[in-house]
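*Asks:* So the chains spell out like this:
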Amino acid sequence: MSLELLGISVLWIFLFGYLIVGSIDFGAGFFSLYSDWTGQKHILHKMIQRYLSPVWEVTNVFLVFFFVGIVGFFPKTAYYFGSALLVPASISIILLAIRGSYYAFGTYGSKENKVYSFIYGITGVLIPASLTTVLTISEGGFLAIDKSGVHLKLKELLTSPYSWSVVLVSLVSVLFISAAFLTYYARQAEDNKAEQLVRRYTLGWSIPSVAAGVLVFYALRSHNPEHFARMADVSWMFVASLVFFIAAITLFYKQRAYGVAFFAVVMQYFTAFLAYGISHYPYLLYPVLTIYDGFTNKTMAIYLVVAFIAGLLLLIPALYLLLKLFLFNRKYVKGME
Amino acid sequence: MQYDAVLYSRILTEMTLAFHILFATIGVGVPVFIALAQWMGLKHNDPHYLLLARRWTRGFTITVAVGVVTGTAIGLQLSLLWPSFMEQAGQLIALPLFMETFAFFFEAIFLGIYLYTWDRFKNPKTHLLLLIPVVIGSSLSAFFITAVNAFMNTPQGFEIVNGTIMNIEPLKAMFNPAVPTKVGHVLVSAYMTSAFILAALAAYHLLRGRQHVYYKKALRITLIPALVFSIATALVGDLSGKFLAEYQPEKLAAAEWHFETEGEAPLLLFGKLDEEQNVSGAIKIPFALSILAGNLPSTEVIGLNEFPADERPPLYVHYLFDVMVTLGMLLIVIALIYAVLSKWKPKKMYNKWLLRAVVLSAPMSLIAIEIGWIFAEVGRQPWILRGYLKTAEAATASPHVGTMLVAFGALYVLLGVGAVIVLRNMFKNNRAEDELAARGDSYVA
Numbered sequence: 001m002s003l004e005l006l007g008i009s010v011l012w013i014f015l016f017g018y019l020i021v022g023s024i025d026f027g028a029g030f031f032s033l034y035s036d037w038t039g040q041k042h043i044l045h046k047m048i049q050r051y052l053s054p055v056w057e058v059t060n061v062f063l064v065f066f067f068v069g070i071v072g073f074f075p076k077t078a079y080y081f082g083s084a085l086l087v088p089a090s091i092s093i094i095l096l097a098i099r100g101s102y103y104a105f106g107t108y109g110s111k112e113n114k115v116y117s118f119i120y121g122i123t124g125v126l127i128p129a130s131l132t133t134v135l136t137i138s139e140g141g142f143l144a145i146d147k148s149g150v151h152l153k154l155k156e157l158l159t160s161p162y163s164w165s166v167v168l169v170s171l172v173s174v175l176f177i178s179a180a181f182l183t184y185y186a187r188q189a190e191d192n193k194a195e196q197l198v199r200r201y202t203l204g205w206s207i208p209s210v211a212a213g214v215l216v217f218y219a220l221r222s223h224n225p226e227h228f229a230r231m232a233d234v235s236w237m238f239v240a241s242l243v244f245f246i247a248a249i250t251l252f253y254k255q256r257a258y259g260v261a262f263f264a265v266v267m268q269y270f271t272a273f274l275a276y277g278i279s280h281y282p283y284l285l286y287p288v289l290t291i292y293d294g295f296t297n298k299t300m301a302i303y304l305v306v307a308f309i310a311g312l313l314l315l316i317p318a319l320y321l322l323l324k325l326f327l328f329n330r331k332y333v334k335g336m337e
Numbered sequence: 001m002q003y004d005a006v007l008y009s010r011i012l013t014e015m016t017l018a019f020h021i022l023f024a025t026i027g028v029g030v031p032v033f034i035a036l037a038q039w040m041g042l043k044h045n046d047p048h049y050l051l052l053a054r055r056w057t058r059g060f061t062i063t064v065a066v067g068v069v070t071g072t073a074i075g076l077q078l079s080l081l082w083p084s085f086m087e088q089a090g091q092l093i094a095l096p097l098f099m100e101t102f103a104f105f106f107e108a109i110f111l112g113i114y115l116y117t118w119d120r121f122k123n124p125k126t127h128l129l130l131l132i133p134v135v136i137g138s139s140l141s142a143f144f145i146t147a148v149n150a151f152m153n154t155p156q157g158f159e160i161v162n163g164t165i166m167n168i169e170p171l172k173a174m175f176n177p178a179v180p181t182k183v184g185h186v187l188v189s190a191y192m193t194s195a196f197i198l199a200a201l202a203a204y205h206l207l208r209g210r211q212h213v214y215y216k217k218a219l220r221i222t223l224i225p226a227l228v229f230s231i232a233t234a235l236v237g238d239l240s241g242k243f244l245a246e247y248q249p250e251k252l253a254a255a256e257w258h259f260e261t262e263g264e265a266p267l268l269l270f271g272k273l274d275e276e277q278n279v280s281g282a283i284k285i286p287f288a289l290s291i292l293a294g295n296l297p298s299t300e301v302i303g304l305n306e307f308p309a310d311e312r313p314p315l316y317v318h319y320l321f322d323v324m325v326t327l328g329m330l331l332i333v334i335a336l337i338y339a340v341l342s343k344w345k346p347k348k349m350y351n352k353w354l355l356r357a358v359v360l361s362a363p364m365s366l367i368a369i370e371i372g373w374i375f376a377e378v379g380r381q382p383w384i385l386r387g388y389l390k391t392a393e394a395a396t397a398s399p400h401v402g403t404m405l406v407a408f409g410a411l412y413v414l415l416g417v418g419a420v421i422v423l424r425n426m427f428k429n430n431r432a433e434d435e436l437a438a439r440g441d442s443y444v445a
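In the order they appear, the protein sequences are chains A and B. Here the numbering used here is used: the first residue of the first sequence is 1, the next is one more, and so on. Here the numbering used here is used: the first residue of the second sequence is 1, the next is one more, and so on.
These are calculated hints, taken from the structure and not from any lab test. Take these hints with a grain of salt, some might be off.
Said to hold, decoys possible - Estimated spans, in silico, between C-beta atoms of each pair:
1. Leu327/A / Leu239/B: 45 to 55 angstroms
2. Gly387/B / Asp293/A: 25 to 35 angstroms
3. Ala392/B / Lys331/A: 57 to 67 angstroms
4. Lys193/A / Arg356/B: 30 to 40 angstroms
5. Lys334/A / Arg58/B: 52 to 62 angstroms
6. Asn192/A / Ile421/B: 33 to 43 angstroms
7. Gln40/A / Glu169/B: 52 to 62 angstroms
8. Gln49/A / Ala438/B: 30 to 40 angstroms
9. Thr164/B / Gly141/A: 37 to 47 angstroms
10. Asp119/B / Leu327/A: 13 to 23 angstroms
11. Ile207/A / Val161/B: 58 to 68 angstroms
12. Lys125/B / Leu319/A: 22 to 32 angstroms
13. Arg356/B / Ile122/A: 42 to 52 angstroms
14. Glu264/B / Asp293/A: 53 to 63 angstroms
Glycine included, each C-beta is placed from N, C-alpha and C at the ideal position.
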């Protein structure tokens with residue numbers, strides 16, 4: 001495997017990690033708010049807090065890791081995406097900043113506060129929408145590149161059907177992934193009421209998540225036919241994704257083996273996301289930047305890979321400890337500790 | 001005002017860093033004091049120290065949250081506002097930037113565990129041990145990110161052949177000559193600042209008439225280390241002077257309004273400068289600049305006139321440097337008076353004037369941190385990467401920086417005000433005395 005491919009694979013996996021943990025976090029915020037509106041807050045709120053409190057910072061680091069990593073391995077992305085994304089990325093940062101700090105203010109600071117939970121819920125759907133701009137732009141067609149630099153064609157972005165289909169799929173997926181996880185978590189906590197509620201959310205968002213995915217295919221076909229054709233080459237991976245989806249939904253429907261069911265949801269997204277990534281290869285930005293011409297020098301790449309492996313050796317046990325103490329600790333999950 | 005992408009990018013970066021550095025400094029320093037208090041509490045089985053650790057931790061969660069989100073902001077803004085810089089520097093200095101993420105990741109995991117496991121372990125020492133990775137992670141974060149900043153001042157570990165970067169040595173780039181003094185100064189000043197902030201909180205309550213020994217212990221456990229760290233900050237500062245004299249003489253010369261290369265150079269404090277490089281009204285300390293630069297009165301110090309006019313930093317950095325040094329000296333004096341009184345005149349150690357000074361020490365040390373960083377950054381101008389890339393050539397060409405400036409300004413107001421309100425409410429309605437009483441004033445594991 002070439003260093004370029006290794007680099008992008010590592011980053012892709014971290015981005016996928018963020019997709020999952022971020023979705024759980026964003027969706028949980030929204031469900032928390034929604035349950036408040038529908039007068040069911042007492043059912044969900046506590047459970048969501050127990051999950052989120054010890055992990056929210058860790059969730060955030062996945063994102064930081066991705067963008068620091070991509071600039072490290074592919075410094076040219078800083079030039080292209082950095083120049084173009086000032087406005088959309090700044091909006092994401094501002095929303096993330098408000099969300100993160102007001103989460104802490106609400107959780108550790110004061111008791112119940114409507115404003116905090118409103119901010120927390122609303123940013124939960126706005127952030128994924130703004131973050132996906134990066135993936136949309138990577139398809140090409142939204143940048144004007146000339147001597148003066150790289151500029152975003154904002155009007156094209158805001159009027160493109162493809163762009164909106166990606167926003168839609170991100171929103172629906174966030175809600176589906178989050179609900180699926182919370183169903184599993186609620187059963188761990190032996191909280192039957194919460195379990196029934198989030199299971200309904202899971203089933204409700206399941207079909208829309210696939211439908212939105214199909215919509216993206218269609219929109220991409222006219223926006224970037226080359227990428228679409230490459231996607232068709234790995235169509236078996238999308239079929240695999242669908243199989244995982246059906247397995248997950250069957251289990252949630254039958255109320256059985258939620259752990260396996262959530263894992264199937266993760267695999268559903270993993271296969272689809274991987275297929276998207278593979279067919280995107282070798283482009284970082286259609287059609288101007290590939291992973292080969294955007295790559296850093298070989299020496300730095302090797303150092304980064306070594307640092308990455310050393311870092312993982314440190315992080316994996318630490319993450320394991322975190323999960324063991326909170327996520328997989330029945331006493332904690334049930335609220336006894 | 002004419003739209004100027006470079007100027008606005010600089011202002012936005014300055015604003016983000018100025019806001020972030022307050023929380024980052026607390027983030028690096030405060031865990032050390034939480035660990036110290038918890039260790040004292042466990043060692044002496046003293047509920048006061050243990051409650052100190054708990055209460056400091058509670059406040060810390062708020063400052064950490066703001067530190068995390070503004071750290072994310074500056075991480076992304078580097079690429080958004082300085083795309084050309086990141087494109088080039090990314091090839092050279094990505095290693096510490098990347099490792100910083102790991103260090104922070106490590107810290108975040110253990111901080112999360114620490115916060116939620118206060119009464120969970122049979123042996124309370126296990127809980128204290130969780131702070132070790134937090135302290136290591138935050139200090140390593142500071143190390144890596146300061147190494148990146150050091151690289152901007154003294155870039156090395158590469159060659160430029162026909163306009164392309166060649167022969168890159170990432171470790172040489174990371175351990176560049178500015179690293180030891182810069183990292184040293186950042187770390188000890190963060191410990192010092194955190195100590196003064198925590199001391200100021202205790203002093204404030206004592207001034208308001210609270211008599212509980214809890215506050216007196218808090219003062220002791222913070223001000224004695226504050227003395228050590230403030231002296232250490234000054235000593236590393238002295239070494240920084242020697243570093244600058246050798247590797248970045250234009251920065252030292254600008255800070256000192258030292259124009260002609262000469263030995264037996266005096267140190268000038270404050271004063272006024274006219275068009276012809278004449279200084280008036282300054283306090284002159286003979287030989288002091290030569291001693292700062294090389295330990296001997298005869299040391300020759302390179303003057304600013306050796307550099308072309310367009311490669312000189314702005315001369316107002318002189319005032320920044322002087323204010324920073326003055327504040328640093330005053331802080332040493334405050335901690336020293338406390339230490340001396342507590343040893344020889346314990347009856348006077350809680351007198352109002354000293355307590356007032358200790359309360360002031362918190363804003364003083366924070367201002368010193370801010371001014372010190374502005375000096376470090378402005379003193380590097382016009383370069384973003386000294387000798388290779390000028391700041392003006394590195395900024396984005398986007399026409400929207402002005403709007404973003406306003407948006408981020410509003411964000412920092414929102415975060416700052418929010419943090420202050422939450423911290424106030426957190427402690428105002430929950431006094432330490434009441435909490436001690438509720439806990440039966442004796443430690444229960």
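*Asks:* Evaluate each hint against the coordinates.
*Replies:* Here is what the structure says about each hint:
1. The hinted range of 45 to 55 angstroms is satisfied by Leu327/A and Leu239/B, whose Cβ atoms lie roughly 47 angstroms apart.
2. Between Gly387/B and Asp293/A the C-beta distance comes to about 27 angstroms, which sits within the given range of 25 to 35 angstroms.
3. For Ala392/B paired with Lys331/A, a C-beta distance near 59 angstroms keeps the hint of 57 to 67 angstroms intact.
4. Our hint of 30 to 40 angstroms for Lys193/A and Arg356/B is violated, since their Cβ atoms are close to 56 angstroms apart.
5. Between Lys334/A and Arg58/B, the C-beta spacing of about 24 angstroms breaks the proposed range 52 to 62 angstroms.
6. Range check, Asn192/A to Ile421/B: about 38 angstroms between beta-carbon atoms, so the 33 to 43 angstroms window is met.
7. For the hinted restraint 52 to 62 angstroms between Gln40/A and Glu169/B, the CB-CB distance of approximately 60 angstroms keeps it satisfied.
8. Under the hint 30 to 40 angstroms, the C-beta atoms of Gln49/A and Ala438/B, about 23 angstroms apart, miss the expected range.
9. Take Thr164/B and Gly141/A: their Cβ atoms lie about 31 angstroms apart, and the range 37 to 47 angstroms is violated.
10. The supplied range of 13 to 23 angstroms is met by Asp119/B and Leu327/A, whose beta-carbon atoms lie about 20 angstroms from each other.
11. For Ile207/A paired with Val161/B, a C-beta distance near 59 angstroms keeps the hint of 58 to 68 angstroms intact.
12. In this structure the hint that Lys125/B and Leu319/A lie 22 to 32 angstroms apart at CB holds, the actual value being about 24 angstroms.
13. Checked against the given bound of 42 to 52 angstroms, the beta carbons of Arg356/B and Ile122/A, roughly 44 angstroms apart, stay inside it.
14. A beta carbon spacing of about 56 angstroms between Glu264/B and Asp293/A agrees with the range 53 to 63 angstroms that was offered as a hint.
When the structure is compared with the earlier hints, violations turn up for hints 4, 5, 8 and 9 and for no others.
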